Amino acid sequence: DQQVKQNSPSLSVQEGRISILNCDYTNSMFDYFLWYKKYPAEGPTFLISISSIKDKNEDGRFTVFLNKSAKHLSLHIVPSQPGDSAVYFCAANPIYNQGGKLIFGQGTELSVKP
Amino acid sequence: DSGVTQTPKHLITATGQRVTLRCSPRSGDLSVYWYQQSLDQGLQFLIQYYNGEERAKGNILERFSAQQFPDLHSELNLSSLELGDSALYFCASSESGTGIPYEQYFGPGTRLTVT
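First to last, the protein sequences are chains A and B.
Here the numbering used here is used: the first residue of the first sequence is 18, the next is one more, and so on.
Here the numbering used here is used: the first residue of the second sequence is 317, the next is one more, and so on.
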């Protein structure tokens, strides 16, 4: 049972335009959502997070939106740069979590073309 | 560089064999997490240790086991290997065991290929 889903395996965007990566979840018992970025041959690195009590969090070019009623979150990158090309994972932290384990989506590979 | 090291980077072995993956957490981090990423899958949480004690368990097979040593490094042991165990295995560490989620720092992973 995939509790966190990223239905688009890949996304291609022109440099300077907006990239929108989407993530859906099925379980209401998540209190934190995170986005991780992964380059080839490296581990995931934390990008941005959002608490379930908020609907938006912004950090520079990166903004995460949370729509709790739709159980949907999205990551906006504006403007997109070639260096943003990577695999992006969304992850969720269960409310009952005492150990910090995260539930990840399958990832979306973003390609930003010059 | 996250400060988390994993060895080896690549491992090729045959079905039925046993392997050990090693992880050294960031200096000062007490928690170690193991994740498995199979082809086209997200990272699946396997197990977490905090200061030598098992803290949380995910979908870890009985053929797999882990431990965290007094120097805080961790080892993931995979036995009776099957073709389906071929995956990337990531280790992450965090300072605490109660996991403010973004505090997890990931190593570069070990790619296991079972032939």
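Worth flagging that the hints you see were computed from the coordinates, not collected in a lab.
In this text, all values refer to a predicted model and were calculated from it rather than measured experimentally.
Built from N, CA and C at the ideal position, the CB exists for glycine as well.
Don't take each hint at face value.
To be verified - Cut-off 20 Å, straight-line C-alpha distance, at most; resulting in silico cross-link-like pairs (EDC-like, lysine to aspartate or glutamate): (1) A:Lys54 / B:Asp387; (2) A:Lys88 / A:Asp72; (3) A:Lys54 / B:Glu398; (4) B:Lys325 / A:Glu59.
What the hints assert, rightly or not - If the Cβ cut is set under 8 Å, some of the chain A residues that face chain B in the computed set are: (5) Ala58; (6) Ile67; (7) Lys118.
Item to complete: State the violated hints by number, sorted upward, taking the hints as numbered earlier in the document.
Response: Per hint list: 1, 3 and 6 violated.
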